[in-house]
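Protein chains in written order, with the working numbering: chain G, 26 to 743; chain B, 824 to 896.
Source of the hints: derived by calculation from the structure; they are not laboratory data. Yeah, the Cβ is synthetic: ideal placement off N, Cα and C, and Gly gets one too. Heads up, some of the hints might be wrong.
Claimed, not checked - Here are the computed distance ranges between Cβ atoms for each label pair:
id, chain 1, residue 1, chain 2, residue 2, range
1, B, G841, G, R262, 24 to 30 Å
2, G, L729, B, K833, 30 to 36 Å
3, G, S236, B, G841, 32 to 38 Å
4, B, M869, G, L729, 30 to 36 Å
5, G, A260, B, R862, 43 to 49 Å
6, G, T551, B, L831, 48 to 54 Å
7, B, S834, G, A192, 39 to 45 Å
8, B, G841, G, D300, 30 to 36 Å
9, G, S236, B, K833, 22 to 28 Å
10, G, G116, B, G841, 33 to 39 Å
11, G, P314, B, G858, 55 to 61 Å
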Amino acid sequence: MSERSNPAKPESSRLLVALAGNPNTGKTTLFNVLTGSRARVGNYPGITVERRMGEANLEGVGPVDVIDIPGTYSLVARTGEEQIAINAMLGLGGQRRPDAVVICADATQFVRSSHLVLQALEFGLPVLVALTMTDEAKEAAPDPVEMGRRLGCEVVAVVAAQGRGVAELNAAIARRLRMPERHEIWHWQPTAWLRKLLDETRAALPVQWPSCDAMALWALMSVETGDELHGIPAALRQAVHLPSEVRKHIDDEAILGRYSFMDAKLAPLGRHEPDQRLTERVDRILLNPWLGLLIFLLLMFALFEGLFAGADPLIHLIERVFAAAGDGIKRALPGSILAHFLADGLLSGVGAVAMFLPQILLLFFFLGLLEDSGYLARVAFLMDRPMRAMHLHGRAFIPMLAGFACAVPAIMATRTMERRRDRVLAMMVIPLTTCSARLPVYTLIIGSLFPARRLGGVLPAQGLLVVFMYAFGMATALLAALILSRTLPPLRSRRLPLVLELPPYRRPRLRDVLGMVWDRSRRFVTDAGTLIVICSVVLWGLLDFPREPARPSRDWKASVAQVDPSARPALERAAEAERMQQSYAGRLGRLMEPVIAPLGFDWKIGIGLVGAFAAREVFVATMGVVYGLEPDAAQTSLTLREKLRQEKRPDGTPLYTPLVGLSLLLFFALACQCTSTLAVVRRETGTLRWPLFLFAYTSALAWLVSFAVYQTGRGLGL
Amino acid sequence: MSLPDLPLRKSAVVEAVGGDRAFRRRIMEMGLVPGTKVRLVAVAPMGDPLTLELRSSRLSIRKKEAAQVRVRV
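Let the sequences and hints guide you as you build the complete structure.
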């Protein structure tokens, strides 16, 4: 993924322009305008933070690579995620060294935005400032030429969304690229005390790092016990190991030094305060403890409803198209194993991937609008207190809500959280929320095994049970977050205080939102999608092979040929049931029986559980085939319900009692037996460790809970 | 007084910033340095976190950390 692994790529010989800046300064819009939105998305080496690369054509220079560095307030870092900015700007940690660094500075907050510029200048980086949002700042915007004179680097005003100033910025980048000399520019003077510390620290810096004061200052301000930085040699750690009071002194000197320059020299350039009446007025409503909460809940309801209702027709359409295509293939190549593979294995896998897309598109469209308008930060503000009680990030609220529709887009949506620990924790608990694929399973089990009584003559018992299952899912997800974050070292909440900027309300730019939606969906299809298709084909193989039962109870073909044509379908279904029972999945089901018997399940349920790996609702269809039902009947699951009720154990007692039903419900609620979810967790965490852990811990939990409930129920004589 | 004691929508000037080093460093880098004018603009539904306005930007921090920031009205 990194350029290093592929040195033959022509782009590595090109000049590299890095785009940096505070969050919410219009950096993404500028990147899209500079590169024509054609971004190649990858990951930074060794870390799953998205790395967007594009290409710009500069007059007099030719094509150059442009890298979009994640938004940051400072080069000083505490976590691996924050370290990306310094690595990308200096070309450390396996990254290419940029030949020019464009820093976006928001004109409405140009003083604060300049802090990052000052840091970069201290390193002697080839800096150039793009002064964004000048249209919004109006009179509050500084004169770019004067600002540039005082900073010591060129400043260009741009309104990226309207393309204003983009040509000038391109020309300025080209000028900067043709001017290779670098000077360290300091706008504050360290005291003799700090000078001495800087000199000592510089001597301890690793050889591959630049040996400059700015790098020494970075190490003094970043490296400390308990940080989450990568690639810090022990010798350097030793060198900067200082008492906390001394460190605070260093911070004070550097930050107050920069701010006193910025307040004295830069702040007077803004002739006005920026007009923030809109944000002020909207926040009075949206952050109001009562009204704001009400509007938030309504918005979330709309998002959830939209996700369900909006995606449903599309999902059904895709389902029908793929089913029709499968039938077409089977008709074109009747009886052939190839047609069978194409239709039931490959095509249904591709269909499964396609069926995730409507929800992914919708969720990311909503998220894009919320993020770019500035509301997503307010969600984190409103939800911080309740989510923190469970050790979750305030931004985990929307992904967890989306988990009620489907865990796959929900897990992808954890991207809005910056810290890996927050993201992984959310990913580990989202699959416990009741996704829509569980509903057909719940309906089948509850409909067939629980009486359609009304409690007290009013409340429907079956409906209540469904409501209970939803509440159970939410409760276990929150509880799991609390327990995992207390017990699992990588997820333990090293308590990071909240520092959250609430950006001004802005109108989202549709092109940026759609571009982001497109990126996400494309990456889902190419990365997770491939894995989902492979798993689907494997599961098809398990359920459909061997094609003939090894030990047929009778000669099915001869029997089918003998009977009256009207009786054939029933006989064929019985043959299919026997085949499935003796398939690899069937054997797996029998193999599993000793493990699942203590939960009250027999091997036929075992087959259903194997089938449910493809997608939970497949459990219903698989059970239908196992019991030799017409496919349509299995869908409506009316006759399947009859079958389940009639099924007997060898001793003649009914197999499916309400107790077995409850045990099965709880098992489905807890076990993350969904290959698509596991595939997407693998893709988002970049390792196999987390999906394996997710599968292991949810399966163990499911088994234990079902075991406890079933055995207790048996003990009580249920 | 400390920041959380500030009445809603009331302005004050930062006198001193205390607290955990990494947090303190981060909010100072974002402009919350002694001498900066700050205003409390919102309190979340359960009384925590708080939203401050400073240097024409809005910043949310929790009550516990805000208590480490001394201000003068």
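Hints versus structure:
1. At about 26 Å, the CB distance of B/G841 to G/R262 agrees with the hint of 24 to 30 Å.
2. Evaluation of the 30 to 36 Å hint for G/L729 and B/K833 yields a failure: the beta carbon distance comes to about 54 Å.
3. The given range of 32 to 38 Å is respected by G/S236 and B/G841, whose C-beta atoms sit roughly 34 Å from each other.
4. In this structure, B/M869 and G/L729 meet the distance hint of 30 to 36 Å, their C-beta atoms being roughly 34 Å apart.
5. Distance hint for G/A260 and B/R862: a CB-CB separation of about 46 Å, consistent with the stated range 43 to 49 Å.
6. Checking the proposed 48 to 54 Å range against G/T551 and B/L831 shows it holds: the Cβ atoms sit about 50 Å from each other.
7. As the Cβ distance of B/S834 to G/A192 is approximately 42 Å, the hint placing it in 39 to 45 Å holds.
8. Here the CB-CB span from B/G841 to G/D300 is close to 34 Å, well matched to the stated 30 to 36 Å.
9. In this structure, G/S236 and B/K833 break the distance hint of 22 to 28 Å, their C-beta atoms being roughly 49 Å apart.
10. For G/G116 paired with B/G841, a C-beta distance near 37 Å keeps the hint of 33 to 39 Å intact.
11. Taking the beta carbon of each, G/P314 and B/G858 are about 31 Å apart, not inside 55 to 61 Å as hinted.
Violation of the numbered hints given earlier is confined to hints 2, 9, 11; the remaining hints are satisfied by the structure.
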